[in-house]
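Chemist: Chain by chain, the residues run as shown.
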Amino acid sequence: MTAPTPPWALLAELTHACPLRCAYCSNPVELTRRSQELTAGQWADIFRQAAQLGVLHTHLSGGEPLLRQDLEQITRSAADAGLYTQLVTSGVGLSAERLDALVDAGLHSVQLSVQHADARRSDELAGHPAFNAKRQAAALVKERNLPLGINVVLHRHNLDALDALMELAVAWEADRIELANTQFYGWGLLNRAALMPSREQLAAAGQQVEGWRKRLDGTLEITWVIPDYFSGTPKPCMGGWGAVSLTVTPDGTTLPCPAAATLPGLDAPNAIDGSLRWIWEESPAFNAYRGTDWMPDPCRSCERRTEDFGGCRCQAFALTGDAARTDPACSLSSDHAALIDLTRPGTPPPLIPRRPAAAGRLRARTALQVP
Amino acid sequence: MPDTSTWRPRLPPAARLRHDQVRNTDVLLLPERVIVLHGSGRAVLDLADGTRTVDEIIAALAPDPVPDTIRDDVTSFLNKLHTEGGLR
Chain U
373 MTAPTPPWAL
383 LAELTHACPL
393 RCAYCSNPVE
403 LTRRSQELTA
413 GQWADIFRQA
423 AQLGVLHTHL
433 SGGEPLLRQD
443 LEQITRSAAD
453 AGLYTQLVTS
463 GVGLSAERLD
473 ALVDAGLHSV
483 QLSVQHADAR
493 RSDELAGHPA
503 FNAKRQAAAL
513 VKERNLPLGI
523 NVVLHRHNLD
533 ALDALMELAV
543 AWEADRIELA
553 NTQFYGWGLL
563 NRAALMPSRE
573 QLAAAGQQVE
583 GWRKRLDGTL
593 EITWVIPDYF
603 SGTPKPCMGG
613 WGAVSLTVTP
623 DGTTLPCPAA
633 ATLPGLDAPN
643 AIDGSLRWIW
653 EESPAFNAYR
663 GTDWMPDPCR
673 SCERRTEDFG
683 GCRCQAFALT
693 GDAARTDPAC
703 SLSSDHAALI
713 DLTRPGTPPP
723 LIPRRPAAAG
733 RLRARTALQV
743 P
Chain G
79 MPDTSTWRPR
89 LPPAARLRHD
99 QVRNTDVLLL
109 PERVIVLHGS
119 GRAVLDLADG
129 TRTVDEIIAA
139 LAPDPVPDTI
149 RDDVTSFLNK
159 LHTEGGLR
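Chains as they are written, first to last, in this note's numbering: chain U, 373 to 743; chain G, 79 to 166.
Keep in mind that the hints are not guaranteed to be accurate.
Stated by the list, open to error - Label-pair ranges, simulated between beta-carbon atoms:
no., chain 1, residue 1, chain 2, residue 2, range
1, U, PRO717, G, THR129, 40 to 50 Å
2, G, ARG166, U, TRP650, 35 to 45 Å
3, G, PRO91, U, VAL616, 24 to 34 Å
4, U, ASN642, G, ARG166, 20 to 30 Å
Honestly, the hints are just simulated from the structure, not real lab data.
Virtual Cβ for every residue (Gly too), placed ideally from N, Cα, C.
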């Protein structure tokens with residue numbers, strides 16, 4: 373077996389703790405406790421190994437990474453390892469002093485989440501009075517001449533605000549905005565029915581995005597992520613299993629994608645126990661769905677197999693119980709009709725806000741009703 | 079697309095130029111993006127510091143008189159990078 377090509381990016385989930393309670397959160401329903409989190413020294417070792425392996429970017433994420441009191445130390449170790457560092461934050465806790473310390477530690481860019489363009493609606497969706505902190509955080513980032521990305525997870529409750537969200541991004545002088553329709557993992561999967569947009573909402577928002585693209589002519593970079601439940605083609609999840617990036621979760625569990633902890637029998641390696649190189653190149657978990665050999669029909673003979681890699685393994689498992697099945701988001705999947713049924717209009721249930729240690733009481737039926 | 083007669087290309091503050099030892103290539107790092115630099119891409123960007131026009135960058139790299147192919151290649155490289163947010 374030839375060694376796989378090196379990874380480009382490392383998603384560092386520094387903590388699962390977060391002041392926000394977004395119902396669309398892709399963190400697992402069973403959140404890692406703070407007492408199990410890696411130390412700053414362990415992260416420094418991971419960043420050094422990642423850089424030697426070929427990683428160029430790291431996203432310092434969570435949860436809310438600002439809840440780590442040692443975030444400055446962690447950031448410095450990533451920058452010292454030669455990695456390009458991006459803070460992925462809600463903005464809550466990003467004071468001028470904190471940001472100055474992070475910039476001094478080598479922080480390169482900031483991605484800020486926004487839940488809605490309207491302050492009251494944004495705070496409702498976040499389950500926390502966070503909007504003012506976000507606005508202030510954006511201003512602090514721009515004052516320091518750092519690139520600012522705004523990330524909005526879109527769903528039934530904010531898709532209609534797309535124009536206002538774009539106006540916000542312009543007013544806050546964002547360099548880019550990611551308009552990402554909810555991917556249904558973790559808490560987002562639990563809340564799927566409550567978050568599912570209508571086809572009409574999506575079509576209208578898509579047209580608005582096109583209008584903004586023309587109007588802004590590249591001065592603000594727009595990424596529009598359509599939801600795979602509606603597109604008929606699976607997303608090229610993570611650019612392929614073990615192909616582009618790796619995720620290290622708060623306790624060191626190392627995964628090909630942030631949602632992969634849900635896959636039974638994956639036997640996910642931990643970065644404390646094994647070298648990152650062994651994990652990337654040789655661990656059974658990273659090789660389980662790498663390449664095309666594992667593929668079932670109709671993927672194995674599909675001409676798109678090297679473009680979308682059969683879609684998402686975690687979604688295939690969540691919806692069919694079998695991670696090696698074709699992603700039901702694919703129109704060629706025998707499970708596709710059952711997936712389409714989930715997108716039909718109905719009365720949405722209330723949102724369940726994310727919170728720690730609630731998993732046991734929140735078992736919801738998220739699998740497809742496959743005959 | 080910028081007016082190439084007056085444009086003095088420079089990297090945005092967020093950009094980092096560096097050598098990737100693992101892949102043995104030069105790269106331009108931006109938020110969420112890596113641009114792999116082939117051929118004389120690195121040499122061109124080392125000159126794109128906001129003080130030189132496109133013509134001056136080309137003149138510093140190419141023989142005199144400048145072959146049309148080099149002028150076209152460098153100009154389209156700089157324009158493409160500008161479109162992708164890698165130059166100002």
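Chemist: Determine for every hint whether it applies to the structure shown.
Modeler: Status of each hint after checking the structure:
| no. | hint | result |
| --- | --- | --- |
| 1 | U:PRO717 / G:THR129: 40 to 50 Å | 59 Å, violated |
| 2 | G:ARG166 / U:TRP650: 35 to 45 Å | 42 Å, holds |
| 3 | G:PRO91 / U:VAL616: 24 to 34 Å | 26 Å, holds |
| 4 | U:ASN642 / G:ARG166: 20 to 30 Å | 43 Å, violated |
Going down the numbered hints, you'll see the structure goes against 1, 4, while the others check out.
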